[in-house]
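> The task is simple: from the sequences and hints, build the whole structure.
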Amino acid sequence: SQKIEQNSEALNIQEGKTATLTCNYTNYSPAYLQWYRQDPGRGPVFLLLIRENEKEKRKERLKVTFDTTLKQSLFHITASQPADSATYLCALGYKLSFGAGTTVTVRA
Amino acid sequence: GAVVSQHPSRVICKSGTSVKIECRSLDFQATTMFWYRQFPKQSLMLMATSNEGSKATYEQGVEKDKFLINHASLTLSTLTVTSAHPEDSSFYICSARDMGSLSSYNEQFFGPGTRLTVL
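So the protein lines, in turn, are chains D and R.
Residue 1 is where the first sequence starts when you use my numbering, and the numbers rise one by one after that.
Residue 109 is where the second sequence starts when you use my numbering, and the numbers rise one by one after that.
No lab work stands behind these hints, which were simulated from the structure alone.
Please note that a few of the clues may not be correct.
[Stated by the list, open to error] Subject to a maximum C-alpha distance of 30 Å in a straight line, what follows is the list of computed DSSO-like cross-link-like pairs (lysine-lysine):
#, chain 1, residue 1, chain 2, residue 2
1, R, 163, R, 128
2, R, 174, R, 149
3, R, 172, D, 95
4, R, 149, D, 57
5, R, 149, D, 17
Here it is in structure tokens:
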């Protein structure tokens, strides 16, 4: 069966450090992978989409990599800030299957 | 970016009653909308795909007679939870694709969610 696994439920980091989140998938052959941010009690907000022929994509302080051989995507938040505290979800497929999410807490 | 609204944002109802949740795309047309459910500390689970002008497609395990979906126009989809019970209490989220924009073809815009509590 298809699975999307995000490496940890929670990640606590110091302000200014880089947060690295992992998304692994099995039994998918995705043409693209997406990352979303979700704040408590709110719907997800789209952050980045990376296609299978792209190794890396950046948006401001965010960086995403996509390795279709390893079936893995890494999501980096550089120079993290307390406002980055949220749950980050990776998603695959046209109808968007989501991983369980990683909750990031950035300490001031 | 495109905006999706949901109404109501929260609703409390008695067991056995029906509840309707609206999902609207405010500044774009959406031929396809999606309905998700999210339980506490869990991820979003797709319930159904709502297609304008045709029947919704339900995911395995989702009762179509319990969760009625109507996609009446290119900007409105409704989810009705019929004869709600406490186990239906959850956070319901809709999303829509802006099919008119090639640059955001694969991007889904999510509504803010509706918190349903069934007593």
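> Evaluate each hint against the coordinates.
Results of checking the hints against the structure:
Among the hinted pairs, residue 163 of chain R with residue 128 of chain R is consistent with the structure: their alpha-carbon atoms are about 17 Å apart, no more than 30 Å. In summary, the hint linking residue 174 of chain R to residue 149 of chain R is supported, as the alpha carbons are separated by about 24 Å, within the 30 Å threshold. Taking the CA atoms of residue 172 of chain R and residue 95 of chain D, the gap is about 18 Å. The hint holds against a cut of 30 Å. Distance hint between residue 149 of chain R and residue 57 of chain D is fulfilled; the C-alpha atoms sit about 29 Å from each other, no more than 30 Å.
Taken as a hint, the residue 149 of chain R and residue 17 of chain D pair is honoured in the structure, with Cα atoms around 26 Å apart against an allowance of 30 Å.
Checked against the numbered hints above, the structure breaks none of them.
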